[in-house]
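> Residues per chain, in single letters:
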Amino acid sequence: MPRIVVDVMPKPEILDPQGKAIVGALPRLGFTAFSAVRQGKRFELTVDGEVTEEILAQARNAAETLLSNPVIEDVVNVEVVEA
Amino acid sequence: MPRIVVDVMPKPEILDPQGKAIVGALPRLGFTAFSAVRQGKRFELTVDGEVTEEILAQARNAAETLLSNPVIEDVVNVEVVEA
Amino acid sequence: MTELPLIGGTADAPGPGTLTGARIGVITFPGTLDDRDAARAVRLAGATPVALWHADTTLGDVDAVVIPGGFSYGDYLRAGAIARFAPLMSVIIDAANSDARLPVLGICNGFQILTESHLLPGSMIKNDHLKFMCRDQILRVENTTTAWTRDYAAGQEITVPLKNQDGQYLADEKTLDALEAEGRVVFRYVGFNPNGSRRDIAGISNAAGNVVGLMPHPEHAVETGFGPELGSSTDGLGFFTSVLNKIVGDNK
Amino acid sequence: MTETSTGRTAGTAAGTKKFNIDTVENAAKTPDTELPWAELGLKRNEFDEVVKVLGRRPTGAELAMYSVMWSEHCSYKSSKNHLRQFGDKVTEEMKKDMLVGIGENAGVTNLGDGWAVTFKIESHNSPSFVEPYQGAATGIGGIVRDIISMGARPVAVMDPLRFGAIDHPDTARVMHGAVAGIGGYGNSLGLPNIGGEMVFDSVYQGNPLVNALAVGVMRHEDIRLANASGKGNKVVLFGARTGGDGIGGASVLASESFDDTKPSKRPAVQVGDPFAEKVLIECCLELFKASLVEGIQDLGAAGISCATSELASNGDGGMEVELTSVLLRDPSLTPGEILMSESQERMMAVVTPENIAAFEAVMDKWAVEYSWLGEVTDTGRLIITWDGAVIVDVDPRTVAHDGPVYDRPYARPEWQDAVQADSFTGSVQDAGRPSAPADLAAAITELVASPNMCSKSWITQQYDRYVGGNTAMAYPDDAGVVRVDEETGLGVALATDANGRYTYLDPYHGAQLALAEAYRNVATSGAVPMAVSDCLNFGSPEDPDVMWQLAEAIRGLSDACMVLGIPVTGGNVSLYNQTGTVPIHPSPVVAVLGKFDDVARRTPSGWREDGQAIYLLGTTAAELDGSEWSNMRGHLGGLPPKVDLAAERALGEILINASRDGMVDSAHDLSEGGLAAALVESSLRYGVGARIALQDVLDRDGVDLFTALFSETQGRAVVSVPRSEEIRFKDMCTARGFAHVRIGVVDAEGGTLEINGVDTMNLAALREAHEATLPKYFG
Ligand SMILES: Nc1ncnc2c1ncn2[C@@H]1O[C@H](COP(=O)(O)OP(=O)(O)O)[C@@H](O)[C@H]1O
Ligand SMILES: [Mg+2]
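Protein chains in written order, with my numbering: chain A, 1 to 83; chain B, 84 to 166; chain C, 167 to 418; chain D, 419 to 1197.
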């Protein structure tokens, strides 16, 4: 069954305490290659049947209204993945 | 600056309470096209400079050890994105 | 002055407990919240609390360790995920697995840290209702042979506070069956499952019984007037007297 | 691998070149440069005043500082003339235990035995409407930093909340977010939530009130003040990095001073990092314990502008700061923006040169980032440089203390008389007032299930009440109680109250009623009331009607504090809470703090022991205007209940003595919902019912049964008295001339609340009605 993936990230100008905690921990584990980390969300929406333009529009709409909080987050990606 | 994106999802056999809440809320907002939703995490790791094989290996390693818990989650994707 | 000064660390506590021989370490990570409370419980049980710091690389001469509740490093990634890699955790993991079988109790965030460390199987995810929940919770003590439960009667029901956001215990069916078969389900929720945990599991132990983890907070049920209003309100004290009696017994 | 150990030193900032730096020198040379003062919220006369104070036009950075510090929020320009009364109307009795009064980050009250307590209530109203979770979370964060900066360990929080109509589509958004945010932040700090309020009223629809209270304790010697003394002492900024948070209008300024680089976006809201704040708490306490800081100030509204100007003007009067040393989260910030940023989880301190190494060691232990910004001087000038160039050169007092003060016009609104004349009794909404036994039972059930009277456990379950191990009482008792000293049991009690409807009907008395209720709640728990903090939530001060409400409320509150003998030690004013021209009900939220010599003596609000005698203290008049009952029927008019502060004090003394001497096992004050609500709440507290007969009350007070149950006459409480103590208790009330009448007995067996003349009510059914309301609306 096809899925629509929606990626949501904290807006770049907004503090991301989660990413901050991770970037602080990485070097202690020997991972020194990363200068910044941001943590967002990935949603996988399952569609029964074919992904029509209308369904994709629904997903985009849901991404902007329910899946993200437009005050602090951006939807960075909405795409179809065949399973 | 290039970033490495790491996507982590709850294992398919594990109940995802957040995804469940979303799939319950979607129809109430008129989004009827989706039969299931799962919520995972997306990490963006910033690399200062070039993403070498060694750095990519570090990212894969961090994804498996720190960024995900293999008991409940799968790393579904590690990829480089040029900004 | 209070025995655990509000200002200052546990090291400033005046005087040791009554059974000065028994020293129980309480570890503090950045973001740990219930460390003072755990130290108070240790003291009220008669042992001496010893403050441990996450960045330490040795345990000193403690006879047991409590990993208390809180939000270590903020717990933004996954509860316990970052704390598991603290320097002192590797020492604790080794000591728990060594022949000496150091008794280790993980409470709430401590339990999450123990599963992230693989000292205990399974993991915790968000409560099924997705909200933080604070309530007085009845538990049944299912195994009274562990280092932390020997002072309870088999099947005894106790009331201790529960307070968390990520308390839903899960493991695959095979693991759950094995836990049941080996008697390693140490506590079960009674009457109400507050978070959707599989098989009403509130706490488990490792095979040897020295490592125990649970989501509810026994250290908040050790003093009349400051714990649950149901039950005896000091139902949690048995955790700390259990380990104390074990230490004293082993040392004899 | 943290950057903490190095910090950034002056002049090495990357990107220094990016801006057209407006220096003081340049400002003097270019007097005619247009400045965006209006966009930054200054009025023409205020800008002219800045020019006069400086003797030249301000630089961009100076303009940023004055505009934020002279805002209503920071300067109290509309309320200052009225707030003075809190400082002026003070008796010797009120001064007795006050160690630090109004003006500091929070007041400090002596508890004895070398202990002191500090508490304060603040608003975070409009951020909580825009983004309820983060708004409420950062509200908790801000008030907790005020407490830390006094040198105290924070020990508990409270959250008085007011939302729009319970069934309005937007209310769930605000309610879910605010409650989760308060819990998310407070729980992560390890601070038990010990009480609050919850009111639904459509007047708050576009202006919900999210107030937050924090309380902390310290030893006397640990009290810290916000001042920078000692020439040559170093100024350090520590905690989170500075981002573009909350600079709103400053982006106007940004566009002015930029070359060609476009400013990156400025965040619309601030995001809290409770972990960072928990670490700040612990590291500050280590600093205090080792006496490593001379003065300390939290960064809240107006950020570095506020911290530098207040520290400097409260100390030796001078400070020099290099702004490029500030550690940034967003390198595109301009100097003005850095000065205005309201990024959370930051503190500023003054450290002697000898203590620098020890200070840095504490920072490193907790992995807290810090940077040294400059030093204290004795020049009386606050000088801020950008890469060595002077961009601010001001007398810090003019920024921090000498802002504009307005005597805004105010007048009793024209509509006030008509509102006060419109009594509930006899109104259309009063038609069909229940009197039959079945109807009265139905009315009581309806009352305790109503949005404002229903169980709040949907909220309080999301809050950690246990952490710290010192919580002796919290929801649903009248006051929250925390132990301070384990050895003696010394502790404090806190309650917050406000009734916007009462205050709308009569602001002077409404504010007094808020104080009376909080005072009564504290005394009911058994604690001796000692101090007051208040959060004055009102509409626009530019509306003479609203300004009158504010003036009257402050006058009423300060008068009442004199009579009750407890001082206001701090507080907060939140104005412009209105949508268009429609203000919220005037909502002065009053917090009262009380003291227990031993918290083991606290009195819970519910019955337990079968057969104990139940007494009603105080007399009942027909006072239904502004009541919950009239509210349920959609009426708001008339006059609020009468205020009798002498009676409140007498009642308080009885309740405190009764608790200290073990004469009562439970006590619950009567407030919203009157006796009916109190009887049901006392029954549901432990699931133990009672048999009640009110005939003596009806005869004595000349009221009918409905009035006895639903009137909101003040100065009343119900108590349960062990049989062995009954004579002693009655004698005490008689000796003090306080009305008391036995109205029934505790009935542990029946599982019912029986009131003569009312159909017997099953406790299980009452509980279901009481607890179902919030879950029904909010899931
Ligand atoms: N938002 C809240 N957070 C925490 N506790 C609350 C909140 N709202 C109400 N409470 C608690 O619920 C109980 C009843 O509240 P309320 O009816 O306002 O009390 P009272 O009438 O005694 O002032 C009190 O213990 C109060 O502290
Ligand atoms: Mg009350």
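Bear in mind the hints are in silico, worked out from the structure with no lab data behind them.
Here the structure is a predicted model, which means the values were calculated and not measured.
Check each hint, because a few of them may be wrong.
Claimed, not checked - Straight-line Cα separation of at most 25 Å, SDA-like style, residue types lysine to any residue; simulated pairs: (1) Lys103/B <-> Glu339/C; (2) Lys94/B <-> Val5/A; (3) Lys297/C <-> Pro95/B; (4) Lys103/B <-> Leu29/A; (5) Lys94/B <-> Val71/A.
To be verified - From the structure, some residues in chain C lie toward chain D, with a derived Cβ separation under 10 Å: (6) Leu199; (7) Trp219; (8) Thr223; (9) Thr224; (10) Tyr239; (11) Gly240; (12) Phe251; (13) His295; (14) Arg301; (15) Ile304; (16) Pro327; (17) Thr341; (18) Asp343; (19) Ala344; (20) Phe358; (21) Glu385.
Stated by the list, open to error - Here are the computed distance ranges between Cβ atoms for each label pair: (22) Gln322/C <-> Glu64/A: 20 to 28 Å; (23) Phe1196/D <-> Ala344/C: 49 to 57 Å; (24) Thr770/D <-> Ala374/C: 51 to 59 Å; (25) Leu98/B <-> Ala1039/D: 35 to 43 Å; (26) Glu137/B <-> Glu348/C: 41 to 49 Å; (27) Ser1142/D <-> Arg111/B: 26 to 34 Å.
Ideal Cβ positions, reconstructed from N, Cα and C, are used throughout, including at glycine.
> For each hint, tell me whether it holds in the structure or not.
We went through each hint and held it up to the structure:
1. Lys103/B <-> Glu339/C: Roughly 21 Å separates the two Cα atoms, so the pair holds.
2. Lys94/B <-> Val5/A: With Cα atoms ~16 Å apart, Lys94/B and Val5/A stay inside 25 Å; holds.
3. Lys297/C <-> Pro95/B: holds (23 Å)
4. Lys103/B <-> Leu29/A: The hint is violated at about 34 Å.
5. Lys94/B <-> Val71/A: violated (30 Å)
6. Leu199: holds (3 Å)
7. Trp219: holds (8 Å)
8. Thr223: violated (15 Å)
9. Thr224: violated (17 Å)
10. Tyr239: Given a least distance of 6 Å, the restraint on Tyr239/C holds.
11. Gly240: This interface hint holds because 3 Å falls under the 10 Å limit.
12. Phe251: Check failed: Cβ of Phe251/C comes no nearer than 13 Å to chain D, outside 10 Å.
13. His295: holds (9 Å)
14. Arg301: holds (6 Å)
15. Ile304: violated (16 Å)
16. Pro327: The hint holds - Pro327/C has a Cβ within 10 Å of chain D, the shortest such distance being about 5 Å.
17. Thr341: violated (30 Å)
18. Asp343: With a closest approach of 33 Å, the Asp343/C hint is violated.
19. Ala344: Constraint on Ala344/C not satisfied, violated at 33 Å.
20. Phe358: Because about 12 Å separates Phe358/C from the closest Cβ in chain D, which is outside the 10 Å limit, the hint is violated.
21. Glu385: holds (7 Å)
22. Gln322/C <-> Glu64/A: 20 to 28 Å: Given about 53 Å between the Cβ atoms, the range is violated.
23. Phe1196/D <-> Ala344/C: 49 to 57 Å: violated (40 Å)
24. Thr770/D <-> Ala374/C: 51 to 59 Å: At 54 Å between Cβs, range holds.
25. Leu98/B <-> Ala1039/D: 35 to 43 Å: Between Leu98/B and Ala1039/D, where Cβ atoms are some 58 Å apart, the hint is violated.
26. Glu137/B <-> Glu348/C: 41 to 49 Å: holds (43 Å)
27. Ser1142/D <-> Arg111/B: 26 to 34 Å: violated (59 Å)
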